[in-house]
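Chemist: Spelled out, the chains give:
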Amino acid sequence: AQSVTQPDIHITVSEGASLELRCNYSYGATPYLFWYVQSPGQGLQLLLKYFSGDTLVQGIKGFEAEFKRSQSSFNLRKPSVHWSDAAEYFCAVGGGGSYIPTFGRGTSLIVHP
Amino acid sequence: DVKVTQSSRYLVKRTGEKVFLECVQDMDHENMFWYRQDPGLGLRLIYFSYDVKMKEKGDIPEGYSVSREKKERFSLILESASTNQTSMYLCASSFLTYEQYFGPGTRLTVT
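Sequence lines, in order, name chains B and F.
Note that my numbering has the first sequence beginning at 1, numbered continuously upward.
Note that my numbering has the second sequence beginning at 114, numbered continuously upward.
Same shape as in the complex, but just chain B:
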């Protein structure tokens, strides 16, 4: 069965600092990987996705993520965080003929001025 682990429930960074949110997955084949962001009181918005090819993928809002098969990881990064990035971030994995992705529990990002 596929699973996703986001080890950090909360992350606090200062505005302008770099950010890395961790995501580890368990999946038997080549996974499809996603990062979503949820602003308070809103639905989830797709930040970026990985299906195949270049393991470094670029997304919206200046985010990027790197797929590392050997580590079963798909960490999300941003070089300089803005106060508006404060939100909940979800990693998800899918594929293998099932169109139902598995979501991690989420990481709450807090940005200090």
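Be aware that a few hints might be false.
Stated by the list, open to error - Only some residues are given here: those of chain B computed to face chain F with a beta carbon under 10 Å: (1) K49; (2) R77; (3) V81; (4) H82; (5) W83; (6) F90; (7) G104; (8) V111.
Unchecked claim - A few chain F residues facing chain B, derived, Cβ under 8 Å: (9) F133; (10) G155; (11) L156; (12) F161; (13) V165; (14) P174; (15) S207; (16) E212; (17) Q213; (18) F215; (19) G218; (20) T222.
These are computed hints drawn from the structure, not numbers from a lab.
Positions of the beta carbon are idealized from the N, C-alpha and C atoms, including for glycine.
Position chain F against the provided structure of chain B, taking the given hints into account.
Modeler: Frame of chain B; chain F shown alone:
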């Protein structure tokens, strides 16, 4: 842009009431989903549908039912609302590439 809309952003209902949550997507997506989201529990799948009139149970279907009479519309029904169904409800749709598009959510309070 894909747009998924939900009929209400906030809803307050009484215990025992029948509750309808409506979701509409405008991108001709085959698949539609209903999740509930609770603090510390993440997203939990209630039901999904991969075609008109087709539905499959998710992880927590008890106390819920769904209806999909048209491709663009997927309804979640709480037959007799209870206080433990107070939650944020999220609708999503997808096509073949697994990425889901979410509506803004409905925050339901059952008193």
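Chemist: Work down the list of hints and note, for each, if the structure agrees.
Modeler: Quick rundown of the hints versus the structure:
1. For K49/B, the interface hint holds, the least distance from its beta-carbon to any beta-carbon of chain F being 5 Å, beneath 10 Å.
2. The beta carbon of R77/B is not positioned within 10 Å of any beta carbon in chain F (closest approach about 20 Å), and the interface hint is therefore violated.
3. With a least beta-carbon distance of about 23 Å to chain F, the hint placing V81/B at the interface is violated under the 10 Å criterion.
4. Nearest Cβ of chain F to the Cβ of H82/B: about 22 Å, over the 10 Å cut. The hint is violated.
5. Given the 10 Å rule on beta carbons, the hint for W83/B is violated: about 22 Å separates it from the nearest Cβ of chain F.
6. Against a cut-off of 10 Å between C-beta atoms, the interface hint on F90/B holds, since the closest Cβ of chain F lies about 7 Å away.
7. Given the 10 Å rule on beta carbons, the hint for G104/B holds: about 7 Å separates it from the nearest Cβ of chain F.
8. The closest approach between the C-beta of V111/B and any C-beta of chain F is roughly 20 Å, which is over the 10 Å cut-off, so the hint fails.
9. The beta carbon of F133/F comes no nearer than 19 Å to any beta carbon in chain B, farther than 8 Å, and the hint placing it at the interface is violated.
10. Checking G155/F against chain B by beta carbon gives a least distance of about 4 Å; that is within 8 Å, so the hint holds.
11. This hint holds: L156/F has a C-beta 5 Å from the nearest C-beta of chain B, less than the 8 Å allowed.
12. The interface hint given for F161/F is met, as the beta carbon of that residue sits about 6 Å from the closest beta carbon of chain B, less than 8 Å.
13. This hint is violated: V165/F has a C-beta 16 Å from the nearest C-beta of chain B, more than the 8 Å allowed.
14. Checking P174/F against chain B: minimum C-beta separation of about 14 Å lies over 8 Å; hint violated.
15. Taken as an interface hint, S207/F checks out: its beta carbon lies about 6 Å from the nearest beta carbon of chain B, inside 8 Å.
16. Hint status for E212/F relative to chain B: holds, with the closest Cβ pair at about 5 Å, below 8 Å.
17. Satisfaction of the interface hint for Q213/F is found here, the shortest Cβ-Cβ separation to chain B being roughly 7 Å, below the 8 Å cut-off.
18. Annotation: interface hint on F215/F holds; nearest CB of chain B at approximately 4 Å, less than 8 Å.
19. Hint status for G218/F: holds, given a least beta-carbon distance of 5 Å to chain B, under 8 Å.
20. Taken as an interface hint, T222/F does not check out: its beta carbon lies about 14 Å from the nearest beta carbon of chain B, beyond 8 Å.
Hint compliance for this structure: hints 2, 3, 4, 5, 8, 9, 13, 14 and 20 are broken, all remaining hints hold.
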